[in-house]
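A.B. asks: These are the residues of each chain, in order.
There are 2 protein chains.
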Amino acid sequence: MASNDFPILRWGIVGTGVISSWFVTDLSLDRPDRKANHIIQAIGSSSIEKGTTFMDNNIGKNLKRPTVYGSYQELFADTNVDIVYIGTPHAFHNQNCLDAIRAGKHVLCEKPFAINARETKEVFEEAKQKGVFIMEAMWTRFFPLVQKLRELIHSEKAIGDVQRVFCDFSMPMGIASLPASSRLKNPALGAGSLLDIGIYSLTWVLLALEGEFSHDTPDVTANQRLEDGVDMATSALLLYEDGRQGIATCSTLSKTPSTFCRIEGSKVSSKWMELRPRHPLLLQSK
Amino acid sequence: MASNDFPILRWGIVGTGVISSWFVTDLSLDRPDRKANHIIQAIGSSSIEKGTTFMDNNIGKNLKRPTVYGSYQELFADTNVDIVYIGTPHAFHNQNCLDAIRAGKHVLCEKPFAINARETKEVFEEAKQKGVFIMEAMWTRFFPLVQKLRELIHSEKAIGDVQRVFCDFSMPMGIASLPASSRLKNPALGAGSLLDIGIYSLTWVLLALEGEFSHDTPDVTANQRLEDGVDMATSALLLYEDGRQGIATCSTLSKTPSTFCRIEGSKVSSKWMELRPRHPLLLQSK
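So the sequences go chain by chain: F and W.
Letter by letter, the first sequence follows residues 1 to 286 of full-length UniProt numbering.
Letter by letter, the second sequence follows residues 1 to 286 of full-length UniProt numbering.
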C-alpha cells in the first residue's frame, strides 16, 4: 500500500468519539489520488480501555497497530507523531491545540475550531510562533461537489457575479429533554446551534460568496434565540463592500428545508443548490 | 346598488396612476359583504385632462360621475369628500396625508405609508390631533388567504407556537437601465427595494410571527446593498423577547423563489406557504 514516492505523515488521533472514527476510516482509504502516505501512529484517549476499543473498531486488520495512550499528553510527547488530529468536543479544542503545538506537532482540528475568536487567535499565534501547520477540519470544503461548485461559480462565472446567498441548516435536537451534562445543552461545552450546525450555513455562504483566496471581510450582524444561555437558533447577515449579501441561519428547533442553499448571480435570476450538507446528493439549477 | 342600511362613504381619490385605478375598480364592486356604501365623490389629479381620462377609464358607466379636480388641494377643500385615498408615489405621501388631515378628511394612504419613521409619526400625530381615521392601505392584510392563515396559525395554533419565519420578495427591475427620474431610481422619490417590495416581506413575517393585535416590539437589525444611494437589496433580522425570529429579505436584482415564505412552528418541524404576495394561489403545508 505505502509508496516510497510520497512523504509519510504519522498521525496522532486525539479523542475517540464517532467523528474521530469517521476520520480514521477515511484517512485509511487507499486513495489513488493521495499526496502522502498516512499512518495512524498513535491514539490518545481518556483511558487505555477506550483507546484500545477505538483501535479494534476502526483500524483495519492489515494496518500497523498504533500506540494507544490513556492520556492526550502522552500522545503529544510521542516523537513518532508528526501531526495531531483533534476530535474532542468543541470546548477542549483550544487546550488540545495549544498542548499539541507546544509539543511541536502539526494540527488538524475539528470544527468548530474554537469557542470564540479570542481562542482561535491564541492558537494561530502559537502555531505561527512554533512554525507548525494548523488547519480547521471543515470537510465540507473538500467535497467534490464544492470543488465543482467553485469551478462553476468563481472560475466559469456560470451565474455571473454572485450577488446574494441564503443558507439554512437546521436540525431538531430535542434539547429540552437532554441531560444538563449533554454537549448540546451545556454552555461550558460550547452548546448551541451556531457552533454545532450554523458553522455549515456560514461555510456554504462563504464558499458561494467568496473566491478561492478571498481577503474580503464582510460586515456581520446577527441575533440568537437563547434558552438558558444556549442558542437555539442563530441568524446572521453578511455584507461585503461591493454589495454581496449573505443570509446564514441555523436552528436546533426545526428541520432544514430540502433546498437549504440558494445562490443568486447577476447573469440568471437565480441558481439553486439542492443538497444536504453532510451528504450532498444533487446540484440543481433552475 | 346603494342601500340605506349602511353608512355612506364619499371618497376622494388623490393620484391617478395604475394603483389608484385598481383601488377604484375594487371599491366599486357590488360586494354582498360590504359594511358601507362607497361613492367615488371626487378625483384629484395634476391636470383636469389626466383626471378626466382616469374617470372615463375607471368609473363604471352606471355610477355617479365624480367631480374632477386639476389639483389635490381643490379635492381636499371639497366638503362633499369624507375620506381620501392617497395613491401618489411614496415621497409625496407625507405631504398629501398632512394636507388631507388638515382639511379634516379621513385618510387611507398607499404603502409605504411614508419614507421614514419621522414622517409616519408626524402624520399619525396630526391625525390624532384632528380626530380623523388614518390607515396604511396594505392590501395584503385583507387577503382571504391571510385571514385563513391567521386563523390557522394564531387561533387554531395548527403548527404550535411560531418560532421562525423567512420571507423573501424579490423582483429584477433593471434599475441600471432606467432614467434617473424614475421613481425606482431617484432616491428623492423613495427609490429602493425596501419601500417598494421589502415592505411585503416584512408584512408576511409580521403576520406570521404576531397575533392579531400584538404589542411586541422586536429588535431589528438589517443591512442594504446600496448603489448611488438606492438599496438594491435589503436583509433584515427580527428578534422578539421570547425568541421568535424573522428573516425578511428583498432584492431588485433577483427573482422571488416560488416558495417565498417559510413559517416554522413548535408542533411540526416546518410549514410552508407557496404563494405570490400579490396573487396568492396556494397554501401548502409539508
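Treat the hints with care, since some could be wrong.
Where chains are identical, the list cannot tell them apart; a pair therefore holds if satisfied intra-copy or between any two copies.
[Claimed, not checked] BS3-like cross-link-like pairs, simulated, lysine-lysine; straight-line CA separation at most 30 Å: (1) 35 to 61; (2) 267 to 64; (3) 35 to 128; (4) 148 to 255; (5) 61 to 130; (6) 255 to 121; (7) 157 to 130; (8) 267 to 35; (9) 61 to 255; (10) 185 to 157; (11) 157 to 61; (12) 50 to 148; (13) 267 to 185; (14) 157 to 128; (15) 185 to 64.
Don't read these hints as lab results, they were simulated from the structure.
All values derive from a computational prediction rather than experimental measurement.
A.B. asks: Each of the hints needs a verdict: does it hold here or not?
C.D. replies: Against the structure, the hints:
1. Taking identical chains as interchangeable, the C-alpha atoms of residue 35 and residue 61 lie at most 30 Å apart only when both belong to the same chain, with a minimum of 23 Å there against 83 Å between chains.
2. Within a single copy, residue 267 and residue 64 get their C-alpha atoms no closer than 53 Å, and across copies no closer than 51 Å, so neither meets the 30 Å cut-off.
3. For the homomeric pair residue 35 and residue 128, the shortest alpha-carbon distance inside one copy (24 Å) is at most 30 Å, but the shortest distance between copies (76 Å) is not.
4. Taking the closest pair of Cα atoms, residue 148 and residue 255 come within 30 Å of each other both inside a single copy (26 Å) and across two copies (25 Å).
5. For the homomeric pair residue 61 and residue 130, neither the shortest alpha-carbon distance inside one copy (36 Å) nor that between copies (88 Å) is at most 30 Å.
6. With identical chains, the CA atoms of residue 255 and residue 121 are never at most 30 Å apart, being 33 Å at best within one copy and 40 Å at best between copies.
7. Taking the closest pair of Cα atoms, residue 157 and residue 130 never come within 30 Å of each other, the shortest separation being 40 Å inside a single copy and 59 Å across copies.
8. In the homo-oligomer, the alpha carbons of residue 267 and residue 35 never lie at most 30 Å apart, since the shortest distance is 37 Å inside one protomer and 50 Å across protomers.
9. When the C-alpha separation of residue 61 and residue 255 is checked against a cutoff of 30 Å, the pair qualifies neither within a copy, at 39 Å, nor between copies, at 55 Å.
10. Within a single copy, residue 185 and residue 157 get their C-alpha atoms only as close as 42 Å, which misses the 30 Å cut-off; across copies the closest is 28 Å, which meets it.
11. Taking the closest pair of Cα atoms, residue 157 and residue 61 never come within 30 Å of each other, the shortest separation being 47 Å inside a single copy and 56 Å across copies.
12. When the C-alpha separation of residue 50 and residue 148 is checked against a cutoff of 30 Å, the pair qualifies neither within a copy, at 39 Å, nor between copies, at 57 Å.
13. For the identical chains of this complex, residue 267 and residue 185 are inter-copy neighbours only, at 21 Å across copies versus 44 Å inside a copy, given an alpha-carbon limit of 30 Å.
14. In the homo-oligomer, the alpha carbons of residue 157 and residue 128 never lie at most 30 Å apart, since the shortest distance is 35 Å inside one protomer and 55 Å across protomers.
15. Neither within a single protomer nor between protomers do residue 185 and residue 64 lie at most 30 Å apart by alpha-carbon distance, with minima of 38 Å and 69 Å respectively.
Checked against the numbered hints given earlier, this structure breaks hints 2, 5, 6, 7, 8, 9, 11, 12, 14 and 15; the rest are met.
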